[in-house]
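Number of protein chains: 2
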Amino acid sequence: MGGNIMLPWIMIRKRKLREGGGSLATPPPCSYQVSKLVVQKFGAVTMSGELESLEQVLQGHIPGQEIKEVWRILYGKEPGILDLPDVAVNAASQGQFELKGFILEAATEQLRRPRIVRVGLIQNKIQTATTEPVVEQIYALHKRIATMVEAASTCGVNIVCFQEAWTMPFAFCTREKLPWTEFAESAENGITTKFCQELARKYNMVIISPILERDESHGDVLWNTAVVISNTGAVLGKSRKNHIPRIGDFNESSYYMEGNTGHKVFQTAFGKIAVNICYGRHHPLNWFMYSMNGAEIIFNPSATVGELSESLWPIEARNAAIANHCFTCAINRVGTEHFENEFTSGDGKKAHHDFGHFYGSSYVSAPDGSRTPGLSRVNDGLLVVELDLNLCRQTSDKWNFKMTGRYEMYAEELARVTKADFQPDIVRE
Amino acid sequence: MGGNIMLPWIMIRKRKLREGGGSLATPPPCSYQVSKLVVQKFGAVTMSGELESLEQVLQGHIPGQEIKEVWRILYGKEPGILDLPDVAVNAASQGQFELKGFILEAATEQLRRPRIVRVGLIQNKIQTATTEPVVEQIYALHKRIATMVEAASTCGVNIVCFQEAWTMPFAFCTREKLPWTEFAESAENGITTKFCQELARKYNMVIISPILERDESHGDVLWNTAVVISNTGAVLGKSRKNHIPRIGDFNESSYYMEGNTGHKVFQTAFGKIAVNICYGRHHPLNWFMYSMNGAEIIFNPSATVGELSESLWPIEARNAAIANHCFTCAINRVGTEHFENEFTSGDGKKAHHDFGHFYGSSYVSAPDGSRTPGLSRVNDGLLVVELDLNLCRQTSDKWNFKMTGRYEMYAEELARVTKADFQPDIVRE
Numbered sequence: 001m002g003g004n005i006m007l008p009w010i011m012i013r014k015r016k017l018r019e020g021g022g023s024l025a026t027p028p029p030c031s032y033q034v035s036k037l038v039v040q041k042f043g044a045v046t047m048s049g050e051l052e053s054l055e056q057v058l059q060g061h062i063p064g065q066e067i068k069e070v071w072r073i074l075y076g077k078e079p080g081i082l083d084l085p086d087v088a089v090n091a092a093s094q095g096q097f098e099l100k101g102f103i104l105e106a107a108t109e110q111l112r113r114p115r116i117v118r119v120g121l122i123q124n125k126i127q128t129a130t131t132e133p134v135v136e137q138i139y140a141l142h143k144r145i146a147t148m149v150e151a152a153s154t155c156g157v158n159i160v161c162f163q164e165a166w167t168m169p170f171a172f173c174t175r176e177k178l179p180w181t182e183f184a185e186s187a188e189n190g191i192t193t194k195f196c197q198e199l200a201r202k203y204n205m206v207i208i209s210p211i212l213e214r215d216e217s218h219g220d221v222l223w224n225t226a227v228v229i230s231n232t233g234a235v236l237g238k239s240r241k242n243h244i245p246r247i248g249d250f251n252e253s254s255y256y257m258e259g260n261t262g263h264k265v266f267q268t269a270f271g272k273i274a275v276n277i278c279y280g281r282h283h284p285l286n287w288f289m290y291s292m293n294g295a296e297i298i299f300n301p302s303a304t305v306g307e308l309s310e311s312l313w314p315i316e317a318r319n320a321a322i323a324n325h326c327f328t329c330a331i332n333r334v335g336t337e338h339f340e341n342e343f344t345s346g347d348g349k350k351a352h353h354d355f356g357h358f359y360g361s362s363y364v365s366a367p368d369g370s371r372t373p374g375l376s377r378v379n380d381g382l383l384v385v386e387l388d389l390n391l392c393r394q395t396s397d398k399w400n401f402k403m404t405g406r407y408e409m410y411a412e413e414l415a416r417v418t419k420a421d422f423q424p425d426i427v428r429e
Numbered sequence: 001m002g003g004n005i006m007l008p009w010i011m012i013r014k015r016k017l018r019e020g021g022g023s024l025a026t027p028p029p030c031s032y033q034v035s036k037l038v039v040q041k042f043g044a045v046t047m048s049g050e051l052e053s054l055e056q057v058l059q060g061h062i063p064g065q066e067i068k069e070v071w072r073i074l075y076g077k078e079p080g081i082l083d084l085p086d087v088a089v090n091a092a093s094q095g096q097f098e099l100k101g102f103i104l105e106a107a108t109e110q111l112r113r114p115r116i117v118r119v120g121l122i123q124n125k126i127q128t129a130t131t132e133p134v135v136e137q138i139y140a141l142h143k144r145i146a147t148m149v150e151a152a153s154t155c156g157v158n159i160v161c162f163q164e165a166w167t168m169p170f171a172f173c174t175r176e177k178l179p180w181t182e183f184a185e186s187a188e189n190g191i192t193t194k195f196c197q198e199l200a201r202k203y204n205m206v207i208i209s210p211i212l213e214r215d216e217s218h219g220d221v222l223w224n225t226a227v228v229i230s231n232t233g234a235v236l237g238k239s240r241k242n243h244i245p246r247i248g249d250f251n252e253s254s255y256y257m258e259g260n261t262g263h264k265v266f267q268t269a270f271g272k273i274a275v276n277i278c279y280g281r282h283h284p285l286n287w288f289m290y291s292m293n294g295a296e297i298i299f300n301p302s303a304t305v306g307e308l309s310e311s312l313w314p315i316e317a318r319n320a321a322i323a324n325h326c327f328t329c330a331i332n333r334v335g336t337e338h339f340e341n342e343f344t345s346g347d348g349k350k351a352h353h354d355f356g357h358f359y360g361s362s363y364v365s366a367p368d369g370s371r372t373p374g375l376s377r378v379n380d381g382l383l384v385v386e387l388d389l390n391l392c393r394q395t396s397d398k399w400n401f402k403m404t405g406r407y408e409m410y411a412e413e414l415a416r417v418t419k420a421d422f423q424p425d426i427v428r429e
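Respectively, the protein sequence lines represent chains F and U. Sequential numbering of the first sequence, starting at 1, is according to full-length UniProt numbering. Sequential numbering of the second sequence, starting at 1, is according to full-length UniProt numbering.
Every clue listed holds true.
For identical chains, the list gives no copy identity; a pair is met inside one copy or between any two copies.
Okay, derived cross-link-like pairs now, BS3-like style, lysine-lysine, Cα gap no bigger than 25 Å in a straight line:
1. K349 to K398
2. K77 to K349
3. K350 to K77
4. K349 to K177
5. K349 to K68
6. K202 to K143
7. K398 to K350
Hints in this document: simulated from the structure, not taken from any laboratory. Since this is a predicted model, take the numbers as computed values, not measurements.
Next comes chain F alone, as it looks inside the complex:
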């Protein structure tokens, strides 16, 4: 699949990577300091009409002592600031993307050394008009991501995750098949996987690459799939989206079905990770099963728009981190995507050409309930967060949610719920 378009692009890309990448084989040492909470900001505001950042508003208006309390109540323990190297700051400035760095710390233990991992969350706009040839659209996104991953490598990122269906516009709102299904690729050897394998080897980085997958080996069907690529460059495996929305313009069930890869966890050189794609974040049992399979970090690559979900966005991934004693990384696409053919949205409104505003705001939550500020609501961005994975077990030993979970009781109750003759337990006078 994709043989026709692979060659020219791979060649161009290889040349580009050779030109820019040589000096970064060894990332510069990144010193850091835990300091007063300051939201770092790089890159200009590129749109008006949308609030750029919730946290900027809070910090811009609420004075000293009160902001500390507001922050504590809203966001938990204040994260440290990760001092990022100049080369990354300059790359962000030049590349016009936001760059933020935070630290989520754990206590010191006697028997385990800190297990420090840096995760990178990338949110980005599509790079060309949706009317451009498919190959050009993919090419432009690969190019954009190559730049941002290079910056991530200079920040010492170990695991990077891109947004849902990152190689394409989120065109499922249109219900059209062509050209959108042409963006689908093999998870094992499509051009995007090969591209990511090269980045992974080059930067010694685990890469989570959520794509539209075409499974030629099983009837040529489509899936919404995250490909997990080891820092060695090997394809470690794939995790398919478990829950498919049928809401608003998320007509995804016309394109692909509920995933059949279960709740796999991937043992990487930097910790055990899992991928809960987009709509799966609304399902607490989905997060739970990834956690029970051992995930220390659950990534949630997403694509979601303002009016529908923005007030849910800060709640769900964070609740999952709390409930499951793990880290969660919520990544949302950013910007507004325009489509040539008008479409309706089942909401009584006139036909239109866009899905609404993808509000970005990617963030990381810790098991202790603390979270980082989000990336911008309007700009491309790279969020680098240094985690100490020891915090997972420390929080579990403190709060004991799994010890007190009574899963035998719920296994029985859940089995009853799924029976056709299930009768709710309702007490009447």
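Put chain U on the given structure of chain F with help from the hints.
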């Protein structure tokens, strides 16, 4: 049990209720209007050093257009303001408790009329020193609650819920048995249940009364139990706390065990309700099973303190409302309770005499992700919220979380998890 203390108190109480209650048999009509969000505030600030209200800080500092966006992102769709009658406002002023009223609306349907219910959430301090005789402590709390429930009735409240273990200080931090276990009562015919039955009949109100229960019929053991009393005055049933904490000063597992009443839902005249007590809010499966049994409103009477949980408080009950397409009512105790004998907290700090600050902040979440502002962090309060229960099914039909829940898959996975030979599904290179 309790025979010695029942008589004098019942007599005093009956006299008091006769004196004050006659004119309120028919609550005055409550007109309301959906207006610009204004946080209503009654009653003075009674403590310094603690932030009184998160929402007051936000609204006090962030200007017009920005606060609307901040509110939308943080709190979802703006609730309407419920106009409360003067008699209630005066009672709150005189009784020195905060009174707030909001409306969470649903769309109009063709085949169902709006199913309007008013819930009342009451948070309060203990009313006497913890060294006072047990009977005096209970008496003072009954008296306080009688005043607040009377105010609730003038606001047209149909279902009222009190905080966890409302008839006593939250003394489990001490690990002492006497006198604290003397606060335990029969759920079916203890003095507190009789008190609540009288209120229920008088005001035509469903009352959720979370108490320390002593079960004489089963070996005289203790439970943490919510008694649900119908608006007819009948004891509809009881719901025991399903998950018991072992964290910080919540030494509750020394006093009572995990509940054995399952996930009962109570069909009342005002909708189907359930009670998820305190620590159960950390367990998504607990909320889920109440919802699968049909609960439209899940009450979460709690007792929790600042440093430990305050950043989790706005997340968990709200996530449960979203994930389960129902309303949730989170109620926390307020104030700081002092105990005569010093105790330690397993945190390396010196012995001390209090549990920390119970931060109140009771609030209601709607299935669409919107929520009301919270009550004060420092004062007693009554939060009256008018709900249209039709919003539950409307949100379910829109978001489809139960339709897309794949419960058969999870029932199988959960059953596997509970087996001794369960092996996590981990992919290695």
